[in-house]
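Engineer: With the hints as your guide, set chains B, C and D onto chain A.
Chains as they are written, first to last, in the numbering used here: chain A, 151 to 467; chain B, 151 to 467; chain C, 151 to 467; chain D, 151 to 467.
Hints in this document: simulated from the structure, not taken from any laboratory. Among the clues, some could well be false.
Identical copies carry no separate label here, and so any pair may be met within one copy or between two of them.
[Claimed, not checked] Pairs of lysine-lysine residues, derived as DSSO-like cross-links and limited to a Cα-Cα distance of at most 27 angstroms, are as follows:
| no. | residue 1 | residue 2 |
| --- | --- | --- |
| 1 | Lys201 | Lys215 |
| 2 | Lys306 | Lys185 |
| 3 | Lys306 | Lys215 |
| 4 | Lys442 | Lys164 |
| 5 | Lys185 | Lys201 |
There are 4 protein chains.
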Amino acid sequence: MAKGRVSELIRNEKERQDLGFGTKITGQNTRLINKNGQFNFRLVGQDFRSKLNLYKRLIEMPWLKFSLLIFVLFLVVNFLFATIYYSLGTHHLQGIVGTNASEKYWESFFFSAQTLTTVGYGRISPIGFVTSAIAAIESLIGLLAFALATGLLYGKFSRPVAFIRYSETALIAPYLDTTALMFRIVNERDHQLIDMVAIVVFSLLETDKNGAKIRRYYTLDLERSKVAFFASNWTIVHPIIEGSPLWQKTEAEMLEAEAEVIISLNGHDDSFSQSVHSRNSYIAKEIVWNAKFVAMQEPAGQVTDVIMNKLSEYDLL
Amino acid sequence: MAKGRVSELIRNEKERQDLGFGTKITGQNTRLINKNGQFNFRLVGQDFRSKLNLYKRLIEMPWLKFSLLIFVLFLVVNFLFATIYYSLGTHHLQGIVGTNASEKYWESFFFSAQTLTTVGYGRISPIGFVTSAIAAIESLIGLLAFALATGLLYGKFSRPVAFIRYSETALIAPYLDTTALMFRIVNERDHQLIDMVAIVVFSLLETDKNGAKIRRYYTLDLERSKVAFFASNWTIVHPIIEGSPLWQKTEAEMLEAEAEVIISLNGHDDSFSQSVHSRNSYIAKEIVWNAKFVAMQEPAGQVTDVIMNKLSEYDLL
Amino acid sequence: MAKGRVSELIRNEKERQDLGFGTKITGQNTRLINKNGQFNFRLVGQDFRSKLNLYKRLIEMPWLKFSLLIFVLFLVVNFLFATIYYSLGTHHLQGIVGTNASEKYWESFFFSAQTLTTVGYGRISPIGFVTSAIAAIESLIGLLAFALATGLLYGKFSRPVAFIRYSETALIAPYLDTTALMFRIVNERDHQLIDMVAIVVFSLLETDKNGAKIRRYYTLDLERSKVAFFASNWTIVHPIIEGSPLWQKTEAEMLEAEAEVIISLNGHDDSFSQSVHSRNSYIAKEIVWNAKFVAMQEPAGQVTDVIMNKLSEYDLL
Amino acid sequence: MAKGRVSELIRNEKERQDLGFGTKITGQNTRLINKNGQFNFRLVGQDFRSKLNLYKRLIEMPWLKFSLLIFVLFLVVNFLFATIYYSLGTHHLQGIVGTNASEKYWESFFFSAQTLTTVGYGRISPIGFVTSAIAAIESLIGLLAFALATGLLYGKFSRPVAFIRYSETALIAPYLDTTALMFRIVNERDHQLIDMVAIVVFSLLETDKNGAKIRRYYTLDLERSKVAFFASNWTIVHPIIEGSPLWQKTEAEMLEAEAEVIISLNGHDDSFSQSVHSRNSYIAKEIVWNAKFVAMQEPAGQVTDVIMNKLSEYDLL
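Only chain A is shown next, with the shape it has when bound in the complex (with noise of 0.2 angstroms):
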């Protein structure tokens, strides 16, 4: 008997969705996830390095600001070897012309450079022994620089990137006989995305037996929870019938309970070789009632247009 109820309680426990977010986060209308796919929490007390994560900041960096990067590094190490060459005496560097102190410190910050990118026109070339040295290792650095950021290029171009754009706000729609929660997707580049899935969980406070608001988790039934082929566009579409947790529902209840629909795609992007996913949330605000989508697809001749900018246009009805 006793065994029984644990079994039960446990059961229960078991049965209880949870998308890894807990229980507990109730409020201050706070989203689960941000519109760039993040999850909303903060880490902290990481490491330093945990923190800085620096692979994935610059893998992820925007390339104008990746590209000022490089340059401000490249500016900042000549002017530090710079500064030890004209330390160490602009005797030592063979060739300098430069007649007072700001020449004969800007031809060291050139030599620096000429020595970095390995140019090495030998106009100025380095003569004794601690210049040569110095001049040595900043050769090597700059080699060893110059692969890190080959790897970093690399990694840029072949990051995985789901190249899906979402429609501004999910509507509520008449569909069939009944209505239906329905958004829509597009893919914006022209690769292969194939064996799409999506995964759609509807999220909002309820309130428990002691009083308390908790978080409860719903994975929503799909018309067509799959594609094999994500050429174009695709509305994903939550028919509302009873044992829908959004059935009898009005647009005031989902406000006040902070409603969230939360969104999960994964493919596989055929043009790379690569799994590729996304993640999106409409929140209770971002839902519009009774308005339908209009259409994006428009034949033209021997091929189908897909019209982008009408991704999120709907009318009222």
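Structural biologist: Relative to the frame of chain A, chains B, C and D by itself:
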């Protein structure tokens, strides 16, 4: 009752097979999948970066075109910098021996080339702040451009490609005591492809209750949909028995209904530990009736020969 | 009948759980899995290349040690070539200005460094066949060494690592109306880990029919063995109910039987599209009885904080 | 009725096991899978690029041969360019000090090497349009060749390889109260292989209804077909009980029927997050009857030793 009707409508909708193309693609003799495996869609209104899709384009570019592009870029960048150096005054390029404008310009050009490739002989070397600074920037650009090229070349080399060739036509041939739709594939390279899975979908236009033409999709049941090792050739066979969507269809009907046989192959390239994919399709007029493929394998002593140019050969019956 | 007996023996053997370690590992207080996730085996008689396993070793080497190794190799190679150039006679190195043996040797050394890094200032340059040929070979070696370094640096950067930290101890804690074995993990970095699956195996020494000690393995049933998103922390819980191999085991019995809890985690690093794995184990003396983990998550306005240094903190009950 | 017969024929055909080799490979004592894991096929009529398959060939080439190839290419390219520079006239190479044709040619050669590696000392430097242009092109070629080499070296390093060694022979040994076919594998390196799955297929020639010899395939039922961790050694066992295709087969029968045991192993290399595959086969004369493998594992204090050179050792019974 209303609920029952809802469920049935929704159930029908759920059961409808859809490859991700939708039901509205209805004609003008288009094909769904082009011969190169690309989907027959055109994205309208992509942003510039998506449209350009630089990495994919460079990776998929033929080697000759890629080499030519690099050479042209090399010339363009050198002309650009040559013009800058020349404008700044060739007295800032120590060592120039040219005596007229044209010779001086070309020496600036070759100085630029020596800087960009970091070969830096040093017969000509920059002197003065501005020219030295430009040269430093050019050598940095050279290094980064070369880092990019390294990444691209590796990307081109290691790109997952399924070296699968399809027979030019599919056949409707006698098979045991019925007929079957069949086509043949061959592994073009000595890559070890394992766990190859074939999915074949038959698509055609049908008329719905309202008399509108809609496109429907049926997955075809195969004699064998998976082989453990795809080392040589494989004839993929769909027996046409009762229940098959091709049962009692005539050639004329299939042409009329714009039938298309869509093939999706998945496997694992054991040599490079990549999953590889391949798609193809046969439209109605690429299906030959009453024909039989000729044999491709021939024993040759200790080894078995696979005669590749017999791939598409068939005998009319 | 005989056949029946065969089948039963074979069936028993088939049903025996085995992690791949065999049943003979019986003691001296060893552990099966070391704290770094490596298996506690030593391979005897590997061939040299397998023993060296150069790529893996270099990839897994800490950055500081790797940098030091490159620097030492750089010195060694330069000393080697310097000695060759010096032996061939410094009159083959045009431009040398040193006046004694030591100065000439160091100029040979720096000439070597300038050749290896391809900086090639040219103040010193090779003259004569042999020295020129050696220099040509050295510059080729420099380029290839640098190509290797580029590959290694990229390999080090992009190596799949699951940034998962485990609580230092597992706990036996009250759970609903029974007790449970539990331990806690945290995602150390802001990588998006998805579809994390935990497998937990309990291993202990038992006495077989003949009185011999053999090691047995039992997979533990978990409250939740998978989370869709592993964004922050996760307490993995095995409820100790009837049927559990821990049911009514005491602390003393587990120490005596050299019990070990083996954990294997699999997930997908969404940021780099790699599957990541992590292993750990708790031996009997790393299990604390009657204790409870303190909370790690704290709401902080719009975001939820995860306090990482509380990972291993527990309260004794 | 006719339909019933169709279905049965088709069902038989569907149930026929086929590894992808077909049924026609019938003899001359060939083997299906070579000892290096390659399939015993020869592709006839490949196009040139498929036949060459440059990337795969270079990636799989032994390191010594690869290094030699690079060195030879380096020489060839330099001889080529040296000949061009020499033909254009050595007065276009400023700084040449050679006094006869041979010396001048070799200085052209070393100038070429200095250009190709971008070391560019500058003692010799190009002067005049054509020679300068050729040198610019050579330095570009040098950079790109080196980019290719970088990619190839990384490809060679990171190539997925399953370091699995097989026992030289399979054994038919006593097992519980019957016999079993068994062979042994060992993990040669300290890579962590996980979730190793073994598939073993028994192939032999049989005589069909018409008296023709055809090759048939039977998947063997294994004592254990998967291990969670493959850290050391694993004996793969097929118990020969009623229903096994080896049941009551004699050694002579297996030799006569050209039996072959084909093994396919799949696992995940946790160290590099790659799936790895390995194939092997034992033909009839590589199966030893009435023998037993000697033990490979030995406890050694806190660790367990795996004695690798005992892999193929067995005792005749």
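Engineer: Starting from the hint list further up, note which numbers the structure goes against and sort them upward.
Structural biologist: none
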